[in-house]
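J.: Next come the chains, spelled out residue by residue.
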Amino acid sequence: MNFSELFKLSGLLGRFSPDGKCLASCIQHRLVVRDASSLNILQLYTCLDQIQYIEWSSDSLFILCAMYKRGVVQVWSLEQPDWHCKIDEGSAGLVASCWSPDGRHILNTTEFHLRITVWSLCTKSVSYIKYPKACQQGVAFTKDGRYMAVAERRDCKDFISIFVCSNWQLLRHFDTETQDLFGIEWAPNGCVLAAWDTCLEYKVLLYSLDGRLLSSYRAYEWPLGIKSIAWSPSSQFLAIGSFDEKVRILNHVTWKKITELDHPATIASKKTIVYKEVEKSPTVDRERLTFPPTRALASSLFSTQSKYEISQVPVSLQYIKPVADRANPKVGVGMLAFSADNCFLATKNDNIPNAVWIWDIRKLKLSVVLEQLCTIQCFQWDPCQPRLAVCTGSSRMYLWSPAGCVVVQVPGEGDFQIMSLSWHSSGDSMLLLSKDHFCVCYLEREEV
Amino acid sequence: MGDWKAITVPVLSSDSKNIFPYTSERKRSPASMNSQVLRLSLPSSKNMHSFFSAFCTEENLDQSISYIDRELTTLGFPSIYAESKGKEINLVSIINCLNELLALQHKNLRAQEEVEMQHLKLGSDMDHLQNCYAKLKEQLELSKREIVGLQERDRQLQSKNRNLHQLLKNEKDEVQKLQNIISSRATQYNHDMKRKEREYNKLKERLHQLVMNKKDKKLAMEVLNYVGRADGKRGSWRTDKTEARNEEEMYKVLLSDYEQRQKQLLLENAELKKVLQQMKKDIISLLPPQKQKPKERSEDGLVLSDQEEDIGELNKENMWELSCETVREQLTNSIRKQWRMLKNHVEKLDNQVSRGHSGALNAKDVISREDYELETERLELEIQQCKEMIKTQQQLLQQQLTCDDDTTLLLQDCYLLEERERLQEEWRLFREQKKNFEKERKSFTEAAIRLGLERKAFEEDRGAWLKHQFLSMTADCKSENVTTPSAFIRSNLTDGVSLLGSDPDIRSVRSASWQRRPPSVLSPTVSPEPCQISHYITQNSVASEKPAAENMPNLWVESDDKEETE
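Chains A and B, in that order, are what the protein sequence lines are.
Just so you know, the first sequence maps onto residues 1 to 448 in UniProt numbering.
Just so you know, the second sequence maps onto residues 1 to 566 in UniProt numbering.
If you are wondering where the hints come from, they were derived from the structure by calculation, not from laboratory data.
We put the CB at the ideal spot given by N, CA and C, even for glycine.
You may find that some hints are simply not true.
List of simulated lysine to aspartate or glutamate pairs, EDC-like, C-alpha gap at most 20 Å [to be verified]:
| no. | chain 1 | residue 1 | chain 2 | residue 2 |
| --- | --- | --- | --- | --- |
| 1 | B | Lys107 | B | Glu71 |
| 2 | A | Lys86 | B | Glu222 |
| 3 | A | Lys157 | B | Glu205 |
| 4 | B | Lys204 | A | Glu111 |
| 5 | A | Lys157 | B | Glu247 |
| 6 | B | Lys194 | A | Asp180 |
| 7 | A | Lys157 | B | Glu199 |
| 8 | B | Lys273 | B | Glu325 |
| 9 | A | Lys124 | A | Asp88 |
| 10 | A | Lys143 | B | Glu197 |
| 11 | B | Lys202 | A | Glu111 |
| 12 | B | Lys252 | A | Asp144 |
| 13 | A | Lys321 | A | Asp262 |
| 14 | B | Lys204 | A | Glu260 |
| 15 | B | Lys194 | A | Asp155 |
| 16 | A | Lys69 | B | Glu247 |
| 17 | B | Lys194 | A | Asp175 |
| 18 | B | Lys196 | A | Glu260 |
| 19 | B | Lys196 | A | Glu221 |
| 20 | A | Lys321 | A | Glu245 |
| 21 | B | Lys202 | A | Asp155 |
| 22 | A | Lys130 | B | Glu197 |
| 23 | B | Lys241 | A | Asp210 |
| 24 | B | Lys160 | B | Glu171 |
| 25 | B | Lys172 | A | Glu260 |
| 26 | B | Lys194 | A | Glu201 |
| 27 | A | Lys365 | A | Glu221 |
| 28 | A | Lys130 | B | Glu205 |
| 29 | A | Lys435 | A | Asp49 |
| 30 | B | Lys435 | B | Glu446 |
| 31 | B | Lys202 | A | Asp180 |
| 32 | A | Lys143 | B | Glu71 |
| 33 | A | Lys330 | A | Glu245 |
| 34 | A | Lys143 | B | Glu247 |
| 35 | A | Lys124 | B | Glu222 |
Ranges of calculated distance between the beta carbons of each label pair, as one might list FRET restraints [unchecked claim]:
| no. | chain 1 | residue 1 | chain 2 | residue 2 | range |
| --- | --- | --- | --- | --- | --- |
| 36 | B | Thr187 | A | Phe112 | 24 to 32 Å |
| 37 | A | Asp144 | B | Leu168 | 32 to 40 Å |
| 38 | A | Gln28 | B | His191 | 42 to 50 Å |
| 39 | B | Leu167 | A | Phe112 | 45 to 53 Å |
| 40 | A | Gln305 | B | Glu249 | 55 to 63 Å |
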């Protein structure tokens, strides 16, 4: 495992290109495009204001940089560095911006979610989508990029519109039986759309591509409902994480619950492996001590090493009682992710913020629990193999695979607190992002 | 027990001390009574003496005698007087009376002892019973107290239970109330939200209008140059056609997805059906054949026929692919039936085993077990024998295979040598035969050559002889003397000519003459191998005789040859 040196970064804006050749990162108002393997700078662009959001187009030829404060989106081309494009929303303001799947249209959401403007880079046409819903996931594209679903709200009622991305024609428009639609997501096969309600109502609605309601699922009535949703890559399962610390999995044949996965604070099952991260005191080589101590030595003395140990079942995990009178309590399953081969599901229960739960989907049983020293910030599955990378805000990166798990200390001058990570599309390298820096980790083929 | 009264005999006043305390002590405990009884039966002689002297003295002898007599008669003893009235004492009767009295005394003492024993026993019994009674009374008291305590506890628990029920009810009511509160608050909240949302929408609309107005002034998008579309095609107008096409595309996508799913489901179904079929076959094979047990219920017989039908029907391959209701149901029903039968069978076996264990005397079972044991013994013996056989065979095989290399080589060599020698023998024979054949061929060729030469010579000779004869014949015609011999000769000749073929004598003459001529030529060569040559030539002549039948002169020539050779 090799680590690159640390580079500057701002705003956690670091992204690999979809084709995997380049890496884009932002430092304040500058956009730096590097080669993904050698990290040499390929291009350097300067934007008008501090960049808040960047996104690669699907063909990796363009990058959009959104500056919400200014209400401006700038688009850069990799093929022609001289080419420039600036989209100014003016007084309409800008809240969100994204590419369309064909990589030639930009969808800007104006302030107060007044409208979504579809700017075209090919023609002079502009389209507007009125009454978009101000929710977490209001716009969803199918995986093949053919259709777009937009959540709308008119007259205090929720609607979903399905557009054809090739010519932005409205295909279907139907209302949903939700109180307050919170999010929509397409299944990976592009034929089913899941829509779920706000956390005050536990309700998941499943619509077919042509707008028919296939099924509706409701687990319970009054307590806080859905916190997170994830489709399995084969579209066979829909995992729903809720505030009652459980994940319910629906199957695609009957759209009924096949199992409930519970996240208790005590793990008693003998078949579950619990990996616990323990600190190990750093060894100091006496002969190497010099005065004044070098920076590296100082940092290595003060940085704590850690390793994994297998805890004996039954294990009781660190449980945090949620504050009763606050909104959006830190309770329930807040993070869900299926592995790429559809065999594992990783979840995080916000009551037990230091643990990652890995479920074996083939057996529908808890297979592994990773107990870390700090709160889990982010985890992501390798896009090719069943490998999970976890970061907890320390300078260590954790990798789990069915063969075992490992703690990797990012070499450097310490103080590199990994807040986010993202895998390269080939699964050979990973981008580790902290508040001010980023580094790329290259994995060898025979690694864990 | 009674009180013993003192015998009021006046004379006893002097010894009352002895008696009164004695009698008064009677009322005390039986333990002390024993000693008193003993004391009674063994009075000290001293007291007795005084006692006796107190009653009768010299003066009142008659009185005492009469008194004694009176007492005795009242007691039923005969009088001590010799006569009924008189002062003569019958000593014998006195002695008898004394004796009787002593016996009576003994008897009374014994009776007294017995009574006292019984008295003691009864006293102890009474004490014992009193103790028991006291204990039981205590126990009764205790139990009564316990019961009271338990009752009290029961009452407490019941009241607690009631309280808890009440609490539960209260809680349930509270929960219901809270739920109602929540729902009412939720509806209120929704209503408020809707109101706020409407207001917000109005604001948005207003804002939208303002923004739209402002927007006209600025150009929102600056691009250096427009980029081509990702797929390279040109943009198209939005028309109804495109709408229709969009719909079509969408339905195509949906349909392909459904089709794919259906294919997967069909595959799965086919797999499952195969598995079920397999299971069914296995179950049927596991079950005992129904025909051997006619005692079974008639149902099974029916089932059997059904099952056969089922097997027949559902084993057809094309049935598997049908997914219609009836076929599916048939399959599942038949499997259920088979499974039930298997279950029954297993249960029966279990029962049999359990019965066997409990040793129930079912004659059939017992016999069958014996049979079974015999059978197993026999089979074991067989197995043993077979094993031994196999072992020996294996050993032999091993020996064959794993004998020393030398011996194998030798063996192989032996075989080879044998063969080689045989071959050599054969070669030798072959070569001999070849030689012989060669020799024969040579001799044949020589003989043939010689024959040819001889024939030639013979022909010439014949020709010459004929000429000579002819000449001689003509010469003979001129001279008569010569004729007869010539006639003879002529006749000989003609005879010879005519009889050459038939007359063996002439033939022999001829042959002799011929033989004379080239004896050296023919004989040595011809004689040693007469038969062979004759074979050779007879073959020739045989071959040529057939066509010779047509040609006369040839016959003659051939026969000459024949003669010659013979």
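J.: Starting from the hint list further up, note which numbers the structure goes against and sort them upward.
T.: Hints 5, 10, 14, 16, 18, 19, 25, 27, 32, 37 not satisfied by this model.
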